[in-house]
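K.L.:
As a plain string of letters, each chain reads:
There are 2 protein chains.
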Amino acid sequence: MANAPELNPAQRTLLGPGPSNIHPRVMRAMIAPVVGHLDPDFAAVMEEVKQLLRALFQTANDLTFPVSGTGSAGMEAAIANLIEEGDEAVIGVNGVFGGRAADCAERMGARVHRVESPWGRIIEPADIATALKKTKRPKMVLIVHAETSTGIWQPVEEISRLAHEHGAMLVLDTVTSLGCIPVEIDKWRVDVAYSCTQKGISAPPGLAPITFSQAARDAIRARKQKCHSWYFDISMIEQYWGRERVYHHTAPITMTYALYEGLRLVLEEGLPARFERHRLNGAAISAGLAALGLEPVAQEGHRLPQLAVVKTPAGIDEAAVRRELLLKYNLEIAGGLGPFRGQVWRIGTLGESSRRQHVAALLGALESIIASMGVEVRRGAALAAADKVYA
Amino acid sequence: MANAPELNPAQRTLLGPGPSNIHPRVMRAMIAPVVGHLDPDFAAVMEEVKQLLRALFQTANDLTFPVSGTGSAGMEAAIANLIEEGDEAVIGVNGVFGGRAADCAERMGARVHRVESPWGRIIEPADIATALKKTKRPKMVLIVHAETSTGIWQPVEEISRLAHEHGAMLVLDTVTSLGCIPVEIDKWRVDVAYSCTQKGISAPPGLAPITFSQAARDAIRARKQKCHSWYFDISMIEQYWGRERVYHHTAPITMTYALYEGLRLVLEEGLPARFERHRLNGAAISAGLAALGLEPVAQEGHRLPQLAVVKTPAGIDEAAVRRELLLKYNLEIAGGLGPFRGQVWRIGTLGESSRRQHVAALLGALESIIASMGVEVRRGAALAAADKVYA
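Those sequence lines, one after another, are chains F and Z. Add 72 to a position in the first sequence, counting from 1, and you land on the number used in the working numbering. Add 72 to a position in the second sequence, counting from 1, and you land on the number used in the working numbering.
A couple of the hints might just be wrong.
Remember, identical chains collapse to one label, so a pair may be satisfied in a single copy or spanning two.
[Stated by the list, open to error] Derived EDC-like pairs: lysine to aspartate or glutamate, alpha-carbon spacing no greater than 20 Å straight-line:
#1 122 to 258
#2 296 to 175
#3 206 to 230
#4 122 to 175
#5 205 to 237
#6 122 to 310
#7 383 to 310
#8 259 to 340
#9 298 to 157
#10 460 to 367
Simulated from the structure, these hints should not be mistaken for laboratory data.
My request is simple: use the sequences and hints to build the entire structure.
P.N.:
Listed below in structure tokens is the structure:
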């Protein structure tokens, strides 16, 4: 057993839906000394992280902190705390992640009203309105802001209005949006939003930033049953992340350092500049992919800049293309999930991965590989199309 | 917001119940490049981590991997997967962590039979037997191997025999034992055991190693209801950590690197040498604490070597002592939990923190501080007592 090999993973450029590339300053933060989780030096970092997350979520919500798990843990924490047995939930399902939230809510005891749209289409506010009318006392409406399986950019405000009109809270999955496109929790009246660290924030995976409105906290305090989850129970965790520092579990110290440094980088760049960078590189890569004849699956007008999901060319082995990108070029892109398996590529330019050099590398490599497999492409057209966007 | 200060935590020696000191090789592992979680290079690390964990847990269990959360997430994963609504569980409660497990099991729908012992005493097998006789079809018995709140080292084998005799599975909390004292999953017929990364393994907190016997897996497959937790559902996670690599969530890549390197260090040292090191340094620090007049709370014959829990001297401000240790000496020890708050100190020598220089530093610093506060101590006696152990 002592001969387990030395750790030596390849140096990839990460252009899938996450993790994204890590900034060297985030790497450096992870070798800061580990202190105890109740150490005053760690308490200071916790306070700063909460502040920085509030700025990124654009919220004044006091209860804003990272859940000690990955993005899906954020989803589970949101749902486990809001839902009691028998509560009604309206959940938009137009991809893997809405479906996952519906499954999670049912496990926690919710009666779920699924509002479906075809993959690649947004959830229509009118359909949410119809579903809400069928409920008696809906507890929450949940939608996914950026569907990682399809590249759909979901509008939020109209659905938020409908939810509140019916007395429901709005839960927003911002796993693939936070740090890439505007997430305006207070303006949009979102009650709970959760995200991850390894996409728009460009830290390694391991934490799930989350924020709760006062209405959500009041609803949690008014629960009649204990939350099914001990690990994610906000009524205890809020005392640990609050100034009381009541021991609940041991926070992942080093990941918190990484998140802190990632957030500092985000805020140093500034949100408008960061969103513009994502818009620009996203537009460039999309123009390049179009020039290669690769068609997006998301409906026009609702495409995420940070995640292009395109149909794979007919007649080629799409997995072989990804393998070649990975092993010959050290470039990672992702395949499709669920019904999109084998049908699409998911190409992300999230956080630190949203840089012009990566756009150029990916378009060049992809052109070379698919050309070598017999796909008819006009050589150089992809990069030229991207250049036009930057011009 | 852009003026959040540069990260600069103090360099502490961690002598509480965890986190423990981190080896420089583990630090270095954390700056290895982050690759995608489905990358072949990460898949290779996953396979190695499983192998190394099996060696540490002393098990052949195929399903042995780290849960993507801290030690308490391991507890929740164990309980959420075994318990269905109405199942009976017998849980030993002689400190915070048994109580936490009982709470968790009730939230997941169990009818819990608490078997209590006073804090500082072991759970008596005879009491488990009595409780089991009151059950109809007990699903599981859960005990804590190393009670972090009291320093009790719980014997396992007799309780395991009783559990299986009644058709129940045995769940063992090894959060504070794994890597410090022998944990023999197969020999003891343990069905599920969970632990953490930041104690005996000396990596940062963030993952929860766990192992499931075939019987536990069969019970999970035979469930009639879905597990309340989506995030911890083993029926999905086993396909992600299995060779199928079916996407469930994104594993915490960097923490997995840290765990990998921590495990390599554990296995390079070898389990017998590691346990002997913990025994020796634990005996030395306990001898020193006794020479300072500090009495252990755990019953004789059942004291953990890696965690001394001692009564604080009468008439002094114990929190002031800890503060002085931390701020003047950069030494961390912990206070008491629950009813032991203000009553005890918890002094750990776990993993990399179990070194003679730290024993010397702590005994010296503690002697100086309590002497300065008017506690009558024979100067030099603590270190001399420790030296005798090493002689």
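K.L.:
Give me the numbers of the hints this structure contradicts, sorted from smallest to largest.
P.N.:
4, 7 and 8
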